[in-house]
Amino acid sequence: SQTIHQWPATLVQPVGSPLSLECTVEGTSNPNLYWYRQAAGRGLQLLFYSVGIGQISSEVPQNLSASRPQDRQFILSSKKLLLSDSGFYLCAWSLGTVEKLFFGSGTQLSVL
Amino acid sequence: AQSVTQPDIHITVSEGASLELRCNYSYGATPYLFWYVQSPGQGLQLLLKYFSGDTLVQGIKGFEAEFKRSQSSFNLRKPSVHWSDAAEYFCAVGAPSGGFKTIFGAGTRLFVKA
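For the record, the sequence lines run as chains A and B. Using the working numbering, read the first sequence as starting at 281 and increasing by one per residue. Using the working numbering, read the second sequence as starting at 840 and increasing by one per residue.
Looking at chain A on its own, in the form it has when it is part of the complex (with noise of 0.2 Å):
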């Protein structure tokens, strides 16, 4: 069966300080992908989404960028963090054009 492993659960930042979020599938290939961050009191925004191995969409022009060095493997990085990055950031995995998101547990990021 497939699963999403998202990591860490928890990070506490100062600003100015880099980012790497990691976010692996297992069990399947060629997933789509996505980054989505929920600010507190609000919904889901999509970030990132992908495709394919090296293959990026931006949503929303912001002080992150995201890759994808593996076929099962999203990464969420910044150089420098502001705070406006604190929030709640989910990966998502779907198979071809027409189906569900599967989420993984998700990364609770605060920027002091």
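It is worth saying that the hints were derived from the structure and are not from the lab. Zero decoy hints are in this set.
What the simulated footprint calls covered on chain A by chain B, stretch by stretch (three residues with Cβ under 8 Å from a Cβ of chain B suffice, anywhere in the stretch; the number is not a length):
| # | region |
| --- | --- |
| 1 | 369–376 |
| 2 | 382–390 |
Calculated lysine to any residue pairs in the SDA-like style (CA-CA distance at most 25 Å, straight line):
| # | chain 1 | residue 1 | chain 2 | residue 2 |
| --- | --- | --- | --- | --- |
| 3 | B | K940 | A | L375 |
| 4 | A | K359 | A | T304 |
| 5 | A | K359 | A | S300 |
| 6 | B | K888 | B | E927 |
| 7 | B | K888 | A | L326 |
| 8 | B | K900 | B | E854 |
| 9 | B | K940 | A | L326 |
| 10 | B | K888 | A | Q282 |
| 11 | B | K940 | A | G367 |
| 12 | B | K940 | A | S345 |
| 13 | A | K359 | A | Q342 |
| 14 | B | K888 | A | T283 |
| 15 | B | K907 | A | G323 |
| 16 | B | K940 | A | S357 |
| 17 | B | K940 | A | E339 |
| 18 | B | K940 | A | I355 |
| 19 | B | K888 | A | T308 |
| 20 | B | K940 | A | S366 |
| 21 | B | K888 | A | G307 |
| 22 | B | K940 | A | Q342 |
| 23 | B | K940 | B | Q884 |
| 24 | B | K888 | A | G323 |
| 25 | B | K888 | A | L375 |
| 26 | B | K888 | B | A945 |
| 27 | B | K940 | A | R322 |
| 28 | B | K900 | A | S385 |
| 29 | B | K940 | A | G307 |
| 30 | B | K888 | B | R908 |
| 31 | B | K940 | A | S309 |
| 32 | B | K940 | A | E302 |
| 33 | B | K940 | A | Q350 |
| 34 | B | K900 | A | T283 |
| 35 | B | K940 | A | I336 |
| 36 | B | K907 | B | L885 |
| 37 | B | K952 | B | G901 |
| 38 | B | K940 | A | A319 |
We put the beta carbon where it would ideally sit given N, CA and C, even for glycine.
Given chain A, work out where chain B should sit, using these hints.
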């Protein structure tokens, strides 16, 4: 581009009462519509989805939703709410453009009182 509006930020219902959560979408073609539920500090779980066919779809945990094209709506319903249904509910619309991008509404927080 697609968009989703959930007009109710939070709703409180009594246990055993019926529930309806509203969702309106905007999309130029036939939409792919979803409802997800999120427990505190967790990821999202799919409740149900609509792609085509019968406009009344059944989901898990006794939930159902009705697609109304004329109203651009996809409201979620449950005839009798249980305390364990307290969570945040997200409506989403998908577009099969280069890998199926899913856009979520702002969510509705459901509180259940005894």
